[in-house]
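Participant: The chain contents come next:
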Amino acid sequence: MTDFNHVIERLKTNRLWRFPGGVHPEDNKQLSNQVAIERPPLADVLYIPLKQHIGDQGHCIVSEGDHVLKGQALTTTYHPYAVPVHAPTSGTISHIGEHVSAHPSGLTEASITLVPDGLDEWCQLQPHADYMSMDKLKLIEILCDAGISGMGGAGFPTHIKANSRKTIEFLIINGIECEPYITSDDRLMREYAWQIRQGMDILQHIIQPKAVVVAIEDNKPEAIEAMQIACNQKPDCHIVSVPTVYPAGGEKQLIQVLTGREVPGDGLPEDIGTVMFNVGTCFAVADAVCNGKPLIERVVTLTGGGIKQPKNVWAMLGTPVSHLVEYAGLLAPQEEESTIIMGGPMMGFTVGNPLMPVVKITNCLLVPEPNELRQGDNERPCIRCSACADACPASLLPQQLYWHAKAKEYDKAQSYNLFDCIECGACAYVCPSDIPLVQYYRQAKSAIRNERDEKNKAEKAKARFEARKARLDAEKQEREERHRKAAEARLAAAKAKTASADNTASQVEQKSKSAAAAAAIARAKAKKAQQQADVATHTDTPAVDTATTEDARKAKVAAAVARAKAKKAQQTETAHNADAPAADTATTEEARKAKVAAAVARAKAKKAQSKESHFVEEKPAEDKKKKAEAQPDDNVQEDKKARVAAAVEKAKAKARQRAQARQKEQGAEE
Amino acid sequence: MMKLRVSSSPHQRITRDTGAVMRLVMYAAIPGLLAQAWFFGWGVLIQLVLAITICVASEALILTVRKKPVYFALTDYSAVLTGWLIAVSIPPLLPWWMTFIGCAFAIIVAKQLYGGLGFNLFNPAMVGYVVLLISFPAAMTQWTPTTSQNMIQPDFADALHIIFTGFTVSGHDIEQLRFTVDGTTSATPLDYVKTALTQGNTYSESLAHSTFSGGFFDAAGAGWGWVSLAYLAGGLVLLQQRVISWHIPMSLLGGVFVTSLILHMTNGDIFGSPLFHLLNGAVMIGAFFIATDPVSASTTPKGRIIFGAAIGFWVVIIRVFGGYPDALAFSVLILNMAVPLIDYYTQPRTYGHRAKRQSVEQK
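Residue numbers (the working numbering), protein chains in the order written: chain A, 1 to 670; chain B, 1001 to 1363.
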């Protein structure tokens, strides 16, 4: 990375770097930059899209029929990547719903239809005269609330850029305006240099860069002079005249030209100590802080051979294209097919519906004469002349990208860095075969994005399914484990009994003790069972009762037998090979039966509200079981919580990622 | 409601389309063509008309068979240029049917069977030329002497006659036309030096022959040097008009210069000087008009330099050590084969990325 002092040294002597490629289309700026910015009459209806920036859409806080004042916020949001939109004039909300968007697709999007009342009545504004003493965060909040997003073309929320946590060496103010025909920034700099300077001061106060650089193309000498006068007293501010070549105004290209640094492929300008704002954004920043005005209008160039009086105008956001074009005067008769380009001839898009509104990033409406711009509709085969590669400012190989995009070999296209294409159009501009290269890249990019989304969706579904499966498996395993342990315990008990009879005297003694204990337990159980059965008699069915009592009796008998055996074993101290095991087995068997019976009886008894009949010894076991049962529930709940948290986290990460990606993809005109 | 036309950006393009590029190349080749016609007679122009006609007809035929729009494809002028390049490469009095074979093969096999313009791996004109050179080696080396050294001066009718019948109006055949004023059979300067060297003469001794008299430099063959300079002038116009980039021509000439210089310095008796190699044969027209054929050349900036320099190197190597007196066509075709490889390994570093090879290694 080039050293700060070295860069400053070169900026002072106007020895700039250059970016590879670039083209020199005729700029045709003299058409529209001769007269001062005008203010056209109010449109009959304004269509205000809820989202005019890159990021998330806010939600509407007005409803149909409401009367709003000029500058009143129409949306609100808590999302960090969203800014509100405001009423450009006072009037009535007539409709909230879908309207054609200012987007190449011409699809509809959520918009507010405002019918102006003609009074143009401001809401209460809060100007801040002394921003120098204000807290940085408060200023950032003001920028956000004023709805300011990058006005050069990308529309990235300004408050996010201004709130960089990295150390910024260069605050770059972009007055390049490299697209042919467009003169809105040119006129703005000529007429409002002081307010731009004010915006620069505010941004400088927030960001605290080491130096401020204002870059203007050398085909705008008047703008350079105006900015020089405005920044005369400003130390550490460099007004730099940049050679005119398209796309010098691209964020990445301008950073390269001014600093010799390259924004890393997976990074942002702030990663190399730079941050860039358009001159129009600076103007809006000053308006927001010093006048308290939100962003509700901008300068739009109305130009082209098809316009009677090319000029720049202050257009309220939401003004339909047709209103402005008619204001400037269309040369072609209404019946004839014409072309209106929103933006410049290189990166702009054609307007498909005359009611398309002006939004925060609309800098130009270009109406060319039929043969003014050479479209080149006759696509011929690529002759591999590499004029495109020579023109590419990102040093891509447009030709390879074209082959792979056309063949739908998207992984190959990506290996040639398709996503580093800034869609500046230089390649298609020079192509002798009239191949619409950029269109191929756009299609490939969106196909890849769709594919990626599909894949993500599938992966998420798979992860969800697997998590569920794992949870069910775990539950099942737990259940089985419990069953296995119970069975083992039973088996162990049985073994203990058998062994007591089989083994040597001392062992027999020991075993017989346990046998005696078992017998005692069995006895106790039997007793209890009987008690319980007695208690339960009232409610229980006779059959069960009989069975219970009978079992209890049997258990009693068995217990007695066991006791006898134990005693006998103790006395004789010899193994009763034949009798004892059988008897013991019987005992255990009976005891188990007794237990079962007791359990049944218990259940019944419980039902019959007899609390005393609960066995003390079995309580813990029951508790444990309860716990075991409860646990999966807890697990489920906790799992759910964790998943919700994870999802929230993921969504946040995604939003962050998306915003970063968008910031990175910002078009040439930022 | 106004009617609006919708299209994709950019909405503006330069006016120089493929056809204009091809036409500019031909305009720039006119000085060379005129010089060739001046020194080698009417045959050059007759072959030009013949070759272009055959090429365009072949192209139209195949396009019709392939059910492609014929007029649209023909207006890219690529077939015309192919015919032009074949015509100025072959001996001016070559029998018409050989020209026919070369041109038809170039367009039908080397170009259209590969998919047409933009898809051919090899330079069609050079394929056509090499097919003729391999099939008819004798006829393809029967260059008549420059007009100043001709014993018999064939006029337009003679040239037309000999191309189509094998004999001039007065009954001379091609062998008789090749006699020079000093009674020997003429040869191209490259051919002459090659033969002289095998006969035990030194390089400087062989330059004493009449083939080289009249050249403005000792090393340039009579007439041939002027032709080369005419093509150089046309090539510089192409550079100035940005029809071609400097990479291929400059690296090609550099390759020829460096290779021949090294050889000449090791042994000046048997290896020709750089000027000898640059001003004789097809190096100049090759550097600016043939190797720069975009379709079959390398496309990356670095790749184009490698491509050109390697052609220059091969030309000298084959001329000096190989069996053929000239080798531009072979060298171009050999390097056409290497283009995919060269392009793959010379991709430029994308903005904000590390060099491709580095990032691959790090993966």
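Treat the hints as calculated values from the structure; they're not laboratory data. Careful: at least some of the hints might be erroneous.
[Said to hold, decoys possible] Among the chain B residues that face chain A by a calculated CB cut under 8 angstroms, a handful are:
| id | residue |
| --- | --- |
| 1 | V1006 |
| 2 | I1014 |
| 3 | L1117 |
| 4 | S1210 |
| 5 | V1295 |
| 6 | H1353 |
[Unchecked claim] The following residues of chain A were derived to be distant from chain B, with all beta-carbon distances above 12 angstroms:
| id | residue |
| --- | --- |
| 7 | L69 |
| 8 | K138 |
| 9 | H238 |
| 10 | R482 |
Every residue gets a Cβ at the ideal spot worked out from N, C-alpha and C, and that includes glycine.
Participant: Now look at each hint and say whether the structure bears it out.
Facilitator: Now for the hints, and whether the structure bears them out:
1. V1006: holds (5 angstroms)
2. I1014: holds (6 angstroms)
3. L1117: holds (5 angstroms)
4. S1210: Check failed: Cβ of S1210 of chain B comes no nearer than 43 angstroms to chain A, outside 8 angstroms.
5. V1295: Nearest chain A Cβ about 5 angstroms off; hint holds.
6. H1353: holds (5 angstroms)
7. L69: holds (32 angstroms)
8. K138: holds (35 angstroms)
9. H238: The claim holds: H238 of chain A sits with its nearest Cβ about 24 angstroms from chain B, beyond 12 angstroms.
10. R482: holds (49 angstroms)
This entry does not satisfy hint 4, going by the numbered hints stated previously; all others are met.
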